[in-house]
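J.: Here's the letter readout for the chains.
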Amino acid sequence: MFLINCPFCGEREQSEFKAGGEAHIVRPKQPTELSDDQWAEYLFMRKNIKGIQFERWNHIHGCRKWFNMVRDTSNDEIKAVYKMGEKPPVK
Amino acid sequence: MKNKYSIFSLIKNAFSYHENWEKAWKDPEPKKEYDVVIIGGGGHGLATAYYLAKKHNMKNIAVVEKGWIGGGNTGRNTTIIRSNYLWDASAGLYDHALKIWEGLSQELNYNVMFSQRGVMNLAHNLQDVRDLKRRTHANRLNGIDAVYLNTEEVKKFCPIINTSPDIRYPVLGGTLQKRAGTARHDAVAWGYARGADEMGVDIIQNCEVKGIKRNRDAVEGIETTKGFIKTNKIGVVAAGHSSVIANMAGLRLPLESKPLQALVSEPVKPIIDTVVMSNAVHAYVSQSDKGELVIGAGTDDYVSYSQKGSHDIVEGTLNAILELYPIFSRMRMLRQWGGIVDICPDASPIISKTSIKGLYFNCGWGTGGFKATPGSGDLFAHTIANDEPHKLNAAFNLNRFVSGDLVDEHGAAAVAH
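Same order as they appear, the protein sequences are chains A and B. In this text, residue positions in the first sequence follow the working numbering: the first is 1, and each later residue adds one. In this text, residue positions in the second sequence follow the working numbering: the first is 1, and each later residue adds one.
There's no promise every hint is true.
With a straight-line cut-off of 25 Å between C-alpha atoms, the simulated SDA-like cross-links for lysine to any residue are [as the list claims (entries may be wrong)]:
id: 1; chain 1: A; residue 1: Lys-18; chain 2: B; residue 2: Asp-301
id: 2; chain 1: A; residue 1: Lys-47; chain 2: B; residue 2: Glu-223
id: 3; chain 1: B; residue 1: Lys-99; chain 2: B; residue 2: Tyr-148
id: 4; chain 1: B; residue 1: Lys-353; chain 2: A; residue 2: Leu-43
id: 5; chain 1: B; residue 1: Lys-210; chain 2: B; residue 2: Lys-99
id: 6; chain 1: A; residue 1: Lys-47; chain 2: B; residue 2: Tyr-148
id: 7; chain 1: B; residue 1: Lys-308; chain 2: A; residue 2: Ser-15
id: 8; chain 1: B; residue 1: Lys-308; chain 2: B; residue 2: Glu-208
id: 9; chain 1: A; residue 1: Lys-50; chain 2: B; residue 2: Leu-251
id: 10; chain 1: B; residue 1: Lys-66; chain 2: A; residue 2: Arg-46
id: 11; chain 1: A; residue 1: Lys-47; chain 2: B; residue 2: Asn-397
Residues of chain A placed beyond 10 Å of chain B at every Cβ, according to the derived structure [stated by the list, open to error]:
id: 12; residue: Met-1
id: 13; residue: Gly-21
id: 14; residue: Lys-29
id: 15; residue: Ile-49
id: 16; residue: Lys-50
id: 17; residue: Trp-57
id: 18; residue: Trp-66
id: 19; residue: Arg-71
id: 20; residue: Asp-76
id: 21; residue: Ala-80
id: 22; residue: Tyr-82
id: 23; residue: Lys-83
id: 24; residue: Pro-88
To spell it out: a stretch of chain B is covered by chain A in this simulated footprint if at least three of its residues, at any positions, have a beta carbon under 8 Å from a beta carbon of chain A; those stretches are [claimed, not checked]:
id: 25; region: 248-255
id: 26; region: 295-309
id: 27; region: 394-405
Rather than coming from a laboratory, the hints here were simulated on the basis of the structure. All C-beta atoms in this analysis are idealised placements derived from N, C-alpha and C, irrespective of residue type, glycine included.
Given these sequences and hints, build the entire structure.
T.: Structure below.
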């Protein structure tokens with residue numbers, strides 16, 4: 001259990017949010033030209049990092065907007081929260 | 001040769017106040033080189049080493065474990081064993097394990113306390129009823145014992161369930177697998193460790209893997225906190241940390257690691273003599289031999305390696321438990337803990353070769369790996385020894401995420417995660 005600072009609503013309990021997995025996975029621009037390996041990479045393969053991870057979250061029981069988060073998955077410490085389309089504020 | 005455990009050894013050791021039992025396994029330092037190194041000293045890893053030595057005649061084997069053996073998910077699960085999965089591939093895999101469980105205590109000369117008390121899966125809505133009936137038929141076609149029970153039969157089999165039609169999600173029926181049950185989780189790790197040690201396997205504890213050395217497309221060894229170990233074959237059985245090891249070798253896996261929680265109550269007299277699981281409301285409960293209720297909660301939906309998990313997940317499970325078992329309303333919970341489970345997109349495991357020669361993965365067991373421990377070890381040992389999968393784990397290869405030939409077992413995961 002931890003608190004998340006929604007960029008639209010402010011600080012709320014994590015149980016109000018839905019995790020949306022790894023962020024910044026870009027949908028292939030030319031889907032018809034992809035090999036099966038490339039599709040598998042896009043659809044299924046994940047970094048699943050122990051440490052600093054970039055991910056998407058949705059404030060599903062609040063404003064229902066998507067946003068990005070930088071979080072340390074080894075201790076659940078949130079490093080930064082930023083809106084969709086923005087560049088991550090930390091590396 | 002180890003001394004055999006028996007009533008006579010028990011009596012003999014009683015005369016020395018049980019202070020002179022021989023050690024069940026040694027605690028060696030790593031050698032410079034092994035034929036096979038297994039990363040991860042949980043039940044699956046130790047079973048793999050045991051069957052490599054026993055069935056494939058390999059002698060120079062090491063199991064490296066970053067903590068102590070059985071201290072990860074092997075010691076954190078809710079000990080349920082069953083094989084009532086939907087698809088043919090899964091039925092083959094899990095029933096293979098169940099058949100080994102049935103003779104495991106005798107084979108290992110170690111009491112794993114396997115108890116075939118039955119597992120009941122409840123239906124709470126029309127779709128549940130249809131799905132469970134379909135699964136019962138599929139199970140029986142695969143030679144797995146399964147029966148469908150109506151509400152009265154559910155009540156008869158487990159009288160403390162509230163089968164009143166007035167509850168929020170009434171019990172409409174359920175399935176029963178009588179051969180299913182529970183086992184003592186620690187004993188499984190210890191029994192396999194003792195058996196593997198006897199055949200010369202080095203079980204190296206407090207030895208964390210820091211890197212995998214590759215020469216182009218083949219592995220050459222591992223860097224550990226106890227130095228470099230040379231080997232041409234590495235079997236990774238690292239559960240929640242599989243992706244961490246894969247990243248060391250430059251691989252990506254289709255896994256997400258998430259916290260899964262469980263809890264136990266204070267010990268009470270025998271009240272529930274089976275295992276009851278309910279997918280729709282996410283509640284499952286059994287009772288340990290010590291008398292504690294053993295309750296499994298769900299996974300959190302975010303990636304985390306923190307072994308904690310959120311309180312609302314536990315609260316949701318307990319709400320459902322109390323609705324189904326009003327008799328537990330005054331029980332106090334004693335302990336709660338979390339483990340990190342590696343979940344595959346299709347809720348089926350991976351027991352597979354990889355694109356790197358000599359690197360094998362046994363992972364993706366997600367929320368239900370304990371039940372498969374003996375079968376998983378047996379099949380993974382076969383895969384490593386022959387550099388080819390056994391026919392029972394051929395479907396559980398890594399390439400299925402490229403070919404699309406997935407084994408979707410979300411329905412048979414028994415509780416929705």
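J.: If a hint holds in the structure, say so; if it does not, say that too.
T.: Hint-by-hint comparison with the structure:
1. A:Lys-18 <-> B:Asp-301: Holds. Lys-18 of chain A to Asp-301 of chain B sits at ~7 Å (cutoff 25 Å).
2. A:Lys-47 <-> B:Glu-223: holds, 21 Å
3. B:Lys-99 <-> B:Tyr-148: Status holds; Cα separation ~22 Å.
4. B:Lys-353 <-> A:Leu-43: holds, 21 Å
5. B:Lys-210 <-> B:Lys-99: violated, 37 Å
6. A:Lys-47 <-> B:Tyr-148: Answer violated: Lys-47 of chain A to Tyr-148 of chain B is near 42 Å, above 25 Å.
7. B:Lys-308 <-> A:Ser-15: holds, 14 Å
8. B:Lys-308 <-> B:Glu-208: Holds, at roughly 21 Å.
9. A:Lys-50 <-> B:Leu-251: holds, 15 Å
10. B:Lys-66 <-> A:Arg-46: OK: Lys-66 of chain B and Arg-46 of chain A at ~24 Å, within 25 Å.
11. A:Lys-47 <-> B:Asn-397: Within the cut-off at roughly 19 Å; holds.
12. Met-1: Contrary to the label, Met-1 of chain A does not stay out of reach of chain B, its closest Cβ about 5 Å off (not over 10 Å).
13. Gly-21: Per Cβ check, Gly-21 of chain A is inside 10 Å of chain B; nearest 7 Å; violated.
14. Lys-29: holds, 21 Å
15. Ile-49: Violated, since 8 Å does not exceed 10 Å.
16. Lys-50: Violated: least Cβ distance 5 Å, not greater than 10 Å.
17. Trp-57: violated, 8 Å
18. Trp-66: The claim stands: Trp-66 of chain A keeps its Cβ more than 10 Å from every Cβ of chain B (closest is about 14 Å).
19. Arg-71: Non-interface label fails for Arg-71 of chain A: nearest chain B Cβ at 8 Å, not farther than 10 Å.
20. Asp-76: violated, 5 Å
21. Ala-80: holds, 16 Å
22. Tyr-82: Consistent with the label, Tyr-82 of chain A stays out of reach of chain B, its closest Cβ about 17 Å off (over 10 Å).
23. Lys-83: The claim stands: Lys-83 of chain A keeps its Cβ more than 10 Å from every Cβ of chain B (closest is about 19 Å).
24. Pro-88: holds, 17 Å
25. 248-255: Result for this restraint: holds, n = 4.
26. 295-309: Result for this restraint: holds, n = 8.
27. 394-405: The restraint on the region 394-405 of chain B holds, since 4 of its residues have a Cβ under 8 Å from chain A and three suffice.
The structure is inconsistent with the numbered hints 5, 6, 12, 13, 15, 16, 17, 19 and 20, although it conforms to all the rest.
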